[in-house]
Amino acid sequence: MTSEHNTHFGFKTVAEADKAKKVGEVFHSVASKYDLMNDVMSAGMHRGWKRFAVEISGVRSGDKVLDIAGGSGDLSKLFAKKVGTEGQVILTDINASMLAVGRDRMLDAGLQVPALQCDAEKLPFPDQYFDCVIVAFGLRNMTHKDLALAEMQRVLKVGGRLLVLEFSKVWQPLSKIYDVYSFKLLPLMGKLLAHDAESYQYLAESIRMHPDQETLKQMMVDAGLSKVDYYNLSAGVVALHKGYKT
Amino acid sequence: MFKALSTRFLQHLLTQNSWANALLQPYAGKAVQFDIASIKANIIILEDGGLVMAGETNIADATVCISASLLLRLIAQDEAAKIQIVISGDTHLATEFAKVLSNMRWDYEDDLSKLIGDVSALKISQFGRDAATGFKRNSIQLAEMLSEYWQEEKPLIAKNRLVEKFNTEVDTLRADVARFEKRLTKLTQQQLSPQHQTSDSSH
Numbered sequence: 353m354t355s356e357h358n359t360h361f362g363f364k365t366v367a368e369a370d371k372a373k374k375v376g377e378v379f380h381s382v383a384s385k386y387d388l389m390n391d392v393m394s395a396g397m398h399r400g401w402k403r404f405a406v407e408i409s410g411v412r413s414g415d416k417v418l419d420i421a422g423g424s425g426d427l428s429k430l431f432a433k434k435v436g437t438e439g440q441v442i443l444t445d446i447n448a449s450m451l452a453v454g455r456d457r458m459l460d461a462g463l464q465v466p467a468l469q470c471d472a473e474k475l476p477f478p479d480q481y482f483d484c485v486i487v488a489f490g491l492r493n494m495t496h497k498d499l500a501l502a503e504m505q506r507v508l509k510v511g512g513r514l515l516v517l518e519f520s521k522v523w524q525p526l527s528k529i530y531d532v533y534s535f536k537l538l539p540l541m542g543k544l545l546a547h548d549a550e551s552y553q554y555l556a557e558s559i560r561m562h563p564d565q566e567t568l569k570q571m572m573v574d575a576g577l578s579k580v581d582y583y584n585l586s587a588g589v590v591a592l593h594k595g596y597k598t
Numbered sequence: 002m003f004k005a006l007s008t009r010f011l012q013h014l015l016t017q018n019s020w021a022n023a024l025l026q027p028y029a030g031k032a033v034q035f036d037i038a039s040i041k042a043n044i045i046i047l048e049d050g051g052l053v054m055a056g057e058t059n060i061a062d063a064t065v066c067i068s069a070s071l072l073l074r075l076i077a078q079d080e081a082a083k084i085q086i087v088i089s090g091d092t093h094l095a096t097e098f099a100k101v102l103s104n105m106r107w108d109y110e111d112d113l114s115k116l117i118g119d120v121s122a123l124k125i126s127q128f129g130r131d132a133a134t135g136f137k138r139n140s141i142q143l144a145e146m147l148s149e150y151w152q153e154e155k156p157l158i159a160k161n162r163l164v165e166k167f168n169t170e171v172d173t174l175r176a177d178v179a180r181f182e183k184r185l186t187k188l189t190q191q192q193l194s195p196q197h198q199t200s201d202s203s204h
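Residue numbers (our numbering), protein chains in the order written: chain Z, 353 to 598; chain S, 2 to 204.
FYI, nobody ran anything at the bench for these hints, they're computed from the structure.
Model, not experiment: these values are computed from the prediction.
No residue lacks a Cβ here, since even glycine has one placed at the ideal position from N, Cα and C.
Hints should not be assumed to be uniformly reliable.
Said to hold, decoys possible - Derived contacts from chain Z toward chain S, CB cut-off under 10 Å, selection only:
1) Asp415
2) Asp483
3) Lys521
4) Gln565
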């Protein structure tokens with residue numbers, strides 16, 4: 353196997369064909385405690401980041417929204433309220449365990465949101481179908497990010513928006529504290545709360561391997577999006593990128 | 002954090018002024034930079050007619066610049082100050098946007114009533130309005146008193162009449178200097194021309 357067919361899985365190098373399987377195992381392992389861990393790890397801030405993403409989206413009543421790697425369905429729930437009964441939100445995830453959590457939560461909330469298991473690199477939707485596509489905390493787990501971004505651009509209508517909410521490069525003076533938190537505290541919390549230190553070790557490593565704000569911006573431009581801009585949230589712990597299809 | 006909070010406030014403002022959405026929607030995706038007293042804020046118009054703070058790398062389509070002194074005049078509702086606002090870039094966008102923003106009202110009484118009830122909110126708002134009116138009236142009186150003192154008792158500020166007289170004198174002087182400069186140039190040219198002719202004839 354050549355190095356061209358290898359990719360990173362956290363700090364490890366694995367065969368491209370194995371990455372999706374390994375990521376799948378991680379999320380299958382954390383699915384049942386995903387929300388609890390998110391709340392504990394981000395001190396509840398992930399809810400604010402997601403709400404901000406919805407505010408920035410400009411989605412209005414009647415719009416069609418695609419939530420990629422939507423997992424437990426936090427964003428789909430917020431978008432479903434925005435688009436109303438005339439609009440449509442589709443929740444997708446490659447991982448069946450995560451999708452099941454999201455689907456059940458939608459049903460419990462009385463929302464009609466179709467849940468679809470699919471690979472973001474091969475989206476089963478026609479060209480120019482959605483007004484807004486969002487991927488939150490999912491892009492870094494994708495094997496071919498460029499392919500995934502190109503697919504997201506394909507399914508967007510002209511004038512549609514792609515939003516990418518993802519961990520990013522933290523403000524330099526905070527990087528030491530953030531490292532301690534990520535590599536010491538995070539696995540410890542994973543061990544104590546979810547009995548799964550390894551998965552949370554992967555989470556910390558995958559964040560470090562993910563492109564920084566400017567690199568991701570360029571990747572979105574390369575995927576055919578224009579007017580790409582980003583917001584640093586919580587000193588760059590998370591960045592929200594927004595680009596338009598023109 | 003600041004951007005998230007400002008965006009939340011802008012969205013709240015638009016919820017209270019829903020008439021603005023329809024007016025802003027034609028400019029969706031455009032950004033306007035406000036440079037007020039050297040504090041800059043880029044605001045983007047969203048596809049639903051909403052307003053949000055722009056991100057880190059946004060380039061504004063139009064800029065509205067208001068200096069600190071002009072801001073004070075605008076607060077004092079000086080109509081003449083409005084024409085001194087500097088607008089660059091897409092002027093149509095900036096003018097329309099500024100018009101919509103200036104007509105928006107923050108219904109703080111309604112927000113307060115959700116927290117402490119209608120009656121208390123009304124009383125607090127009335128108190129706030131009275132205090133603001135009193136403060137404005139007292140500030141104007143104080144400014145008038147100080148300007149009178151510095152003009153009459155201890156001259157530090159020039160009177161309008163004297164400033165205008167001085168300006169007229171400066172204008173007259175400038176015209177005189179210009180006339181003198183022209184005459185001087187003419188005389189110099191006259192003095193140079195015979196020499197120029199002599200030097201030409203010597204070749």
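For each hint, the structure was consulted:
1. Asp415: holds, 8 Å
2. Asp483: Holds - the Cβ of Z:Asp483 comes within 10 Å of chain S, reaching about 8 Å at its closest.
3. Lys521: Given a least distance of 12 Å, the restraint on Z:Lys521 is violated.
4. Gln565: holds, 7 Å
Consistency with the previously given hints fails for number 3 only.
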